[in-house]
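There are 2 protein chains.
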Amino acid sequence: QLLAHINELFAPKAPLLEGVNVMISAGPTREAIDPVRYISNHSSGKMGFALANAAKQLGANVTVISGPVNLTTPAGVTKVAVNTAQEMLDAALEHVASCNIFIACAAVADYRVADVAEQKIKKTDDSDEMQLRLVKNPDIVATIAGLANKPFTVGFAAETQDVAHYAQDKMARKNLDMIAANDVSKPEQGFNSEQNALTVFWPTGHQQLDLADKSELAQQLMALIAKQYAAQ
Amino acid sequence: QLLAHINELFAPKAPLLEGVNVMISAGPTREAIDPVRYISNHSSGKMGFALANAAKQLGANVTVISGPVNLTTPAGVTKVAVNTAQEMLDAALEHVASCNIFIACAAVADYRVADVAEQKIKKTDDSDEMQLRLVKNPDIVATIAGLANKPFTVGFAAETQDVAHYAQDKMARKNLDMIAANDVSKPEQGFNSEQNALTVFWPTGHQQLDLADKSELAQQLMALIAKQYAAQ
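These protein sequence lines map, in sequence, to chains A and B. Those letters in the first sequence? Residues 18 to 249, per my numbering, in order. Those letters in the second sequence? Residues 18 to 249, per my numbering, in order.
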C-alpha cells in the first residue's frame with residue numbers, strides 16, 4: 018500500500034489539458050470609420066495572451082484569435098490576427114469544430130459604423146457637429162455558445178458597476194459555462210494594467226481570484242477552467 | 018585665398034539647428050466614448066519621432082508632444098504624453114512661447130464625442146442602432162499658426178485624393194509656412210508603414226521627397242525645414 022502511494026506520487030502525470038483544443042479570443046477589435054479613423058477600446062490583449070500561455074503550459078493545443086495588439090505570441094501557440102468583430106467571429110466559427118474550450122477574452126466592439134466611408138471624411142467649416150450612426154456587431158461568445166455542439170464556453174465581463182449582477186445575468190443569457198468578471202472602474206486592474214482581479218462564476222458556484230499579475234492570475238483561472246471542464 | 022577656402026571647408030561648423038527650439042506633435046489622439054471605448058486613428062507616431070530624432074541630430078532642442086504610441090523617445094528629446102486633442106493643444110500652448118519651429122505631425126482627431134459617458138455604455142436588446150454625436154475639436158496647427166508671435170509652422174496633410182490641391186489649400190487657410198503632403202491611399206506609405214513619400218509645399222516652391230524609410234525621409238524633410246526657416 019505504501020509502495021502504491023509512493024508510485025502514485027512519483028508517477029509522471031499527463032498534463033491537465035493534454036490533447037484538449039483551447040481557442041482564446043484576445044485584444045480589442047477595431048471598427049473602421051473611414052480609411053484612417055476607427056473605434057476601438059483600451060484592451061491590451063495581455064490577459065488573453067497570458068491565458069494562452071497558461072493553457073499551453075497545461076498541455077493544451079492553443080489557438081489565439083487576436084485583434085491588433087503589441088504582444089509576442091507564446092511559443093507553440095497559433096495566432097490568427099483579425100481587426101473587426103465580424104472577422105473575429107468568422108475566424109472563431111472556422112476553428113470551433115475542433116475546439117473543446119472557448120475562452121472569449123477579447124474586448125469586442127459592441128457596435129460598428131453603419132456606413133464606412135471609402136475616402137477620409139473631410140472636416141467641413143459649415144457644421145460643428147457630426148452624427149455617427151452605429152449598428153450592433155454580432156455577439157461572438159453568444160454565437161459560439163449557441164451552437165448545437167458548443168465547446169465549454171467561458172466569457173468575460175468588464176464592468177464599471179454592479180459587477181456580480183451583470184456577470185451572472187450575462188452568463189445565463191448567453192448560455193455560458195463560466196464567466197470571469199472584473200471591475201474596470203478600479204484603476205489598478207483591467208485593460209492596460211499589468212495586474213487584475215477576477216470573480217469567477219459558474220452555474221453552481223463562484224470563486225474570487227485576488228489582485229495579482231496577469232500571468233499568475235491567468236494560471237489560476239486556467240486551472241479553474243480545466244477543473245470545471247473536467248467536471249462537466 | 019586658397020588657405021581661407023581650405024579653412025572654411027575644415028572649420029567645425031555649428032549644427033544647422035544649434036540653439037533652435039523645435040516642438041513636434043506626434044502620433045494619434047484618443048477621444049473617449051466611455052471609460053473603455055474611444056475613437057482614434059492609424060497613426061503610429063513613427064514619422065513624428067523620426068523628425069524629432071533628425072532635429073536632435075541637427076543640434077535642436079526638441080520637445081515631442083505625443084499621443085499614445087509604442088515608440089522609444091530618442092535620447093535627449095523631451096516627451097510630453099497626452100491623450101486627447103484638447104490635451105495636445107494645451108501642451109502645445111504651454112510650450113509655444115519658447116518655440117522657434119513647430120511641426121504638427123500628429124494625426125489629431127477632428128471630432129470628439131459630444132457627451133462622454135461616465136459609465137461603460139451597456140448594449141441594449143431593444144435597439145440595434147446607436148447614434149454617436151460628435152463635435153469639432155480645436156484645430157491645433159491653425160491655433161498655433163494664428164498666434165501673434167507664431168513659430169515657423171509646418172503642417173502635414175494626409176489625404177486619400179487630390180493631394181496637392183488639398184495640401185496647398187490647407188497651407189494658405191491655416192497660415193502655415195510649409196506643408197508636407199502624403200497620399201495615405203497608397204498602401205506602401207503613410208500611417209502604419211515603415212516608409213513614406215512626401216510632397217513638400219511652401220509659398221514660393223515645392224519639392225518631392227521620394228519613397229524612403231521614415232528615418233531617412235525625416236532627415237530630408239528636417240533639412241528642408243531648416244533651410245526654409247533660415248531663409249525667412
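Each hint should be verified, as a subset may be incorrect.
Identical copies go unnamed one by one, so any copy, or any two together, can satisfy a pair.
The calculated lysine to any residue pairs, modelled on SDA-like cross-linking and capped at a C-alpha distance of 20 Å, are [to be verified]:
#: 1; residue 1: K191; residue 2: V97
#: 2; residue 1: K203; residue 2: A114
#: 3; residue 1: K203; residue 2: D145
#: 4; residue 1: K153; residue 2: T101
#: 5; residue 1: K203; residue 2: E35
#: 6; residue 1: K140; residue 2: V130
#: 7; residue 1: K153; residue 2: D51
#: 8; residue 1: K137; residue 2: L151
#: 9; residue 1: K73; residue 2: K137
#: 10; residue 1: K137; residue 2: P155
Since the hints were derived computationally from the structure, they do not count as laboratory data. Bear in mind the structure is a predicted one, so any value in this text is a computation, not a measurement.
Practice item. Could you tell me which of the numbered hints above are not met by this structure, giving the numbers in increasing order? Key: 1, 2, 3, 5 and 9
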